[in-house]
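Peer 1: The primary structure of each chain is shown beneath.
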Amino acid sequence: MRAWLWVLVVAFLAGIFWWGMQRNPRELPSVLAKERRPAPDFTLPLLPPYRAAWGEAFRLGDYLGKGPIVLNFWASWCYPACYEEAPVLEAAWRKHKDRVLFVGVNTQDKEPEALRFIAQFGLTFPQVFDPRGRVGVDYGMYGVPETFFIDGEGRVYARHAGAIDEATLEGYLKELRP
Amino acid sequence: MTPALLGNLSVALALAFSLLGLALALLAYLQGDGRFLKGAKALAPLTLLSALAAFVALEWALLTHDFSLAYVARNHALQDPLWVTLVTPWAALEGSILLWGLLQTLYTFVASRKPLDPWRASVVLAVLFGVQVFFFGVMATIASPFQTLPNPPADGTGPNPLLQDHWMMAVHPVLMYLGFVGLSVPYAYAVAAMVTRRYQSWVEETRWWTLIAWGFLTAGKVAGMWWSYEVLGWGGYWAWDPVENASFIPWLLATAFLHTAYVQQARGAFKAWNFAFVTLAFSATLLGTFLTRSGVIQSVHAFAEGPVGPAFLGFFLLSTALGLGLLSRVSREVRDVAVFHPFSREGALLLGAFFFSGWALVVLLGTFYPLLVEAFAGAKVSVGAPFFNQVSAPIGAGLLLLMGVGPLLPWRRPREEVFRNLYLLFAALALGTLLGLLRGYTLGASLAVGLFLYNTLAVALLFAEGMRARRLAGLSPWSFLENRRRVGSLLVHFAVALMALAIAFSQTYRLEAEKTLYRGQAWEVAGVRMAFQGVRALDEGRRFAVEARLSTDRFGEVRPRLHFYPQMNSPLPSPKVIYTPGNDYYFLLMDFDREKGEWASVRLIVTPMVFWIWVAGVLMALGTLYILWPASRPEAAREVSPA
Amino acid sequence: MRLLLLLLSLWLPALAQEGPPPDLSPEVFRIARELRCPVCQGESAAESNSGVAVEMRRLIAEMLEEGKTEAEIKAFFVERYGEWILYEPPRRGVTLWVWVLPVVGLFLLGLGLFAYFRPRRPLPKELLEEAERRLKEPPA
Numbered sequence: 010m011r012a013w014l015w016v017l018v019v020a021f022l023a024g025i026f027w028w029g030m031q032r033n034p035r036e037l038p039s040v041l042a043k044e045r046r047p048a049p050d051f052t053l054p055l056l057p058p059y060r061a062a063w064g065e066a067f068r069l070g071d072y073l074g075k076g077p078i079v080l081n082f083w084a085s086w087c088y089p090a091c092y093e094e095a096p097v098l099e100a101a102w103r104k105h106k107d108r109v110l111f112v113g114v115n116t117q118d119k120e121p122e123a124l125r126f127i128a129q130f131g132l133t134f135p136q137v138f139d140p141r142g143r144v145g146v147d148y149g150m151y152g153v154p155e156t157f158f159i160d161g162e163g164r165v166y167a168r169h170a171g172a173i174d175e176a177t178l179e180g181y182l183k184e185l186r187p
Numbered sequence: 237m238t239p240a241l242l243g244n245l246s247v248a249l250a251l252a253f254s255l256l257g258l259a260l261a262l263l264a265y266l267q268g269d270g271r272f273l274k275g276a277k278a279l280a281p282l283t284l285l286s287a288l289a290a291f292v293a294l295e296w297a298l299l300t301h302d303f304s305l306a307y308v309a310r311n312h313a314l315q316d317p318l319w320v321t322l323v324t325p326w327a328a329l330e331g332s333i334l335l336w337g338l339l340q341t342l343y344t345f346v347a348s349r350k351p352l353d354p355w356r357a358s359v360v361l362a363v364l365f366g367v368q369v370f371f372f373g374v375m376a377t378i379a380s381p382f383q384t385l386p387n388p389p390a391d392g393t394g395p396n397p398l399l400q401d402h403w404m405m406a407v408h409p410v411l412m413y414l415g416f417v418g419l420s421v422p423y424a425y426a427v428a429a430m431v432t433r434r435y436q437s438w439v440e441e442t443r444w445w446t447l448i449a450w451g452f453l454t455a456g457k458v459a460g461m462w463w464s465y466e467v468l469g470w471g472g473y474w475a476w477d478p479v480e481n482a483s484f485i486p487w488l489l490a491t492a493f494l495h496t497a498y499v500q501q502a503r504g505a506f507k508a509w510n511f512a513f514v515t516l517a518f519s520a521t522l523l524g525t526f527l528t529r530s531g532v533i534q535s536v537h538a539f540a541e542g543p544v545g546p547a548f549l550g551f552f553l554l555s556t557a558l559g560l561g562l563l564s565r566v567s568r569e570v571r572d573v574a575v576f577h578p579f580s581r582e583g584a585l586l587l588g589a590f591f592f593s594g595w596a597l598v599v600l601l602g603t604f605y606p607l608l609v610e611a612f613a614g615a616k617v618s619v620g621a622p623f624f625n626q627v628s629a630p631i632g633a634g635l636l637l638l639m640g641v642g643p644l645l646p647w648r649r650p651r652e653e654v655f656r657n658l659y660l661l662f663a664a665l666a667l668g669t670l671l672g673l674l675r676g677y678t679l680g681a682s683l684a685v686g687l688f689l690y691n692t693l694a695v696a697l698l699f700a701e702g703m704r705a706r707r708l709a710g711l712s713p714w715s716f717l718e719n720r721r722r723v724g725s726l727l728v729h730f731a732v733a734l735m736a737l738a739i740a741f742s743q744t745y746r747l748e749a750e751k752t753l754y755r756g757q758a759w760e761v762a763g764v765r766m767a768f769q770g771v772r773a774l775d776e777g778r779r780f781a782v783e784a785r786l787s788t789d790r791f792g793e794v795r796p797r798l799h800f801y802p803q804m805n806s807p808l809p810s811p812k813v814i815y816t817p818g819n820d821y822y823f824l825l826m827d828f829d830r831e832k833g834e835w836a837s838v839r840l841i842v843t844p845m846v847f848w849i850w851v852a853g854v855l856m857a858l859g860t861l862y863i864l865w866p867a868s869r870p871e872a873a874r875e876v877s878p879a
Numbered sequence: 008m009r010l011l012l013l014l015l016s017l018w019l020p021a022l023a024q025e026g027p028p029p030d031l032s033p034e035v036f037r038i039a040r041e042l043r044c045p046v047c048q049g050e051s052a053a054e055s056n057s058g059v060a061v062e063m064r065r066l067i068a069e070m071l072e073e074g075k076t077e078a079e080i081k082a083f084f085v086e087r088y089g090e091w092i093l094y095e096p097p098r099r100g101v102t103l104w105v106w107v108l109p110v111v112g113l114f115l116l117g118l119g120l121f122a123y124f125r126p127r128r129p130l131p132k133e134l135l136e137e138a139e140r141r142l143k144e145p146p147a
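Each protein sequence line maps, in turn, to chains P, S and V.
Counting with the working numbering, you get residues 10 to 187 for the letters of the first sequence.
Counting with the working numbering, you get residues 237 to 879 for the letters of the second sequence.
Counting with the working numbering, you get residues 8 to 147 for the letters of the third sequence.
One chain only, chain P, in its complex shape (with noise of 0.2 Å):
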């Protein structure tokens, strides 16, 4: 009687393990897509080359409440993920713009080294920097790169961590479509 218990607690605890195993321990829930709670606001300087179309500074309540929002935190010294995802980005910015706004936040990184990186990818949505990463911080970040999806009322609808791939990001873009 007492060995097969033995054998149960083993079994439970290697089951467990095994679990654990499969799973990435790094993974973390957003709060904020958690509890579909409004987008945080800010207001960052845009990079120079999109200051013609979108003015000195760009500030994020001006359009929350007009659509969706695909708000992607990035870095030039993130390799590989955010050179992956930045012509992903781009080519849904161009096939979505008319519906769905795209704004990149350089965060924690470089002037030089995040107009170099734009120029690479020849991104074309609007970019603002944010050197010191406050604005991660009130979105609970914690790695770069992160895209958070904003739906049509303002507030936060999911949060995808590392590199997005089209196939994800065209499924979200369905879901927050009305």
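Worth flagging that the hints you see were computed from the coordinates, not collected in a lab.
Do not rely on the hints blindly, as some may be mistaken.
[Claimed, not checked] One side only, chain P facing chain V, incomplete, derived with CB under 7 Å: (1) PRO54; (2) GLY142; (3) TYR151.
For each residue, glycine too, the CB sits at the ideal point set by N, CA and C.
Following the hints, position chains S and V against chain P.
Peer 2: Chains S and V in isolation, oriented as in the chain P frame:
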């Protein structure tokens, strides 16, 4: 003959010899034929030689910069200094498993030379060879240090810079592995004892093994703490990181075992506990490796690698099942007839062992808790230093209390004259605490002072008693020093009390602050006045260093650095630590003006009494050595009781 | 020397250098020690050198200057990151168990010791002596 060829061949040979040794040992036990045993014993040196050859092959590959080996390409660089190259075998997973395997073959060889009756000798060898089979099996299949690359690079990336910064890298892992491997021999003897039903003598026979293994584990832990302090740049020595916990748990269980083994040697009691503790202590070393190699627990320095984790998990389960299974089979025969009063030395030691193993369990709980919660509640939680500190403090306090009073209690039942000593001890405790409170220390720190006084007095009383007993027996009182076990353990206990005091104060009164200083600007903080004089850059081949010059009023010129390694994203601060008996002053260069070198951002961490932690570590090592040192006159080393 | 610094700044990692970092008082570190670094999750926000931790310390310094209390500062981060940002698992909800289990364990230990040391019917004198004699087997 290339290093890869030699290495693979040697590992294969080591595995083959170990398998053969295991088979022969098992046959020796089952058939009762002495020739099988002779054969098994003969294989021990062969496994040692092949393991040594494999190790030499790896060193050969490193010293000749043979980048066709994946291990060398990943962990070695052309410009590594010689000493870094020599210790690269244990800089990463596959090489450390090789080191572990090598040490295991060494211990198996030494154990095989020890005379033992053939029944038990065969089981002991079978267990030891079995452990070897596991390690060399892992090396031969899933974690080979001799895997080759089809396109060898011209240069490698070198070991993790954190491992290059300090010479302790050469020492700490070797000490830890010597400790881990050392536990395998008492475990093997315990299994043999349970299989052959000879339950008493194994503890005496493995006395030195246990003490040496414990000594290495302790030295390894303290060395690791010191390395962390000097290298990692956060001014701490213990973070309750899963890797630290993974080696702390075996230490706790080994300490429990050390003390209950003593009771079995002296009084014949605790047989069942000893079997359980030695099994758990040995298995815990495997569990620790599983934890840190499988990515199960997220950690600052867990390097997750494929199937190695499950392999260690499996072997952990196997060794635990073997030990505890055998114990349950013989439990009826080793049950204690409890002829001792709880308030006796046996009682104190048993309670102490429970505290140690309870502590191990709590550390295990805290380390695994995030995993369990995610399994059942799907929530992400974290269990960090505050939890472990708060839970360990009362357990540690309890152990400090027991440590003082335990050796003073007589065997079997309390006696009248002991109570006088107990009152003295508790008076010292109260006095120390009161003094602390009067000086304005926190309650925790004051209790630490009280406990330190309490334990110091206990050690003094035990010395006095020992010397008095000698005098009454007609011997010189100083001959008490020849009772090496007593004196050595008293020294270790004192060192533990000192370390506890130092830890309490360093945790409670740590102070850190950060300030940006312009050239010539002075900063007065925590009783130190420093002025920033400038930065300079140095090219050190494998890294760039930026050094800030701070002129201080008390310590002359202090030069903390930032090290820039090509393979790391951000620089590593290399602190300058000033040790004083009172406080440690830990200077860190956090950032500097990249364009003109006009300002530097300096962090100062002032921690009291850290110096004494290292002193206590040295005292523990000395105490252990004293016990191990062969007595010049064995008769004089015996315990002498008062006439 | 200046050239060397210039060279350094070219291949150095792109850390933002917008001027010197702010001063951090001991109080900042005390609070940061109780928050977890989101990136290097084993470390606290006081020890970690990652960008997020640096920003967290800066925020704590700014909030302290504004006069916010420790509780308010912690709540600020919990609001953004969730409960797990607190280094010490909170004593409620799902992490309550990690605090309770050691106490339960202690209680069970007490029970176990009590059962172990419970006075039993004493053995007759001859058996007691025999038992004591057998406890001290001569070493094999």
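Peer 1: Can you name, in rising order, the numbers of the hints this structure does not satisfy?
Peer 2: Per hint list: single violation, 1.
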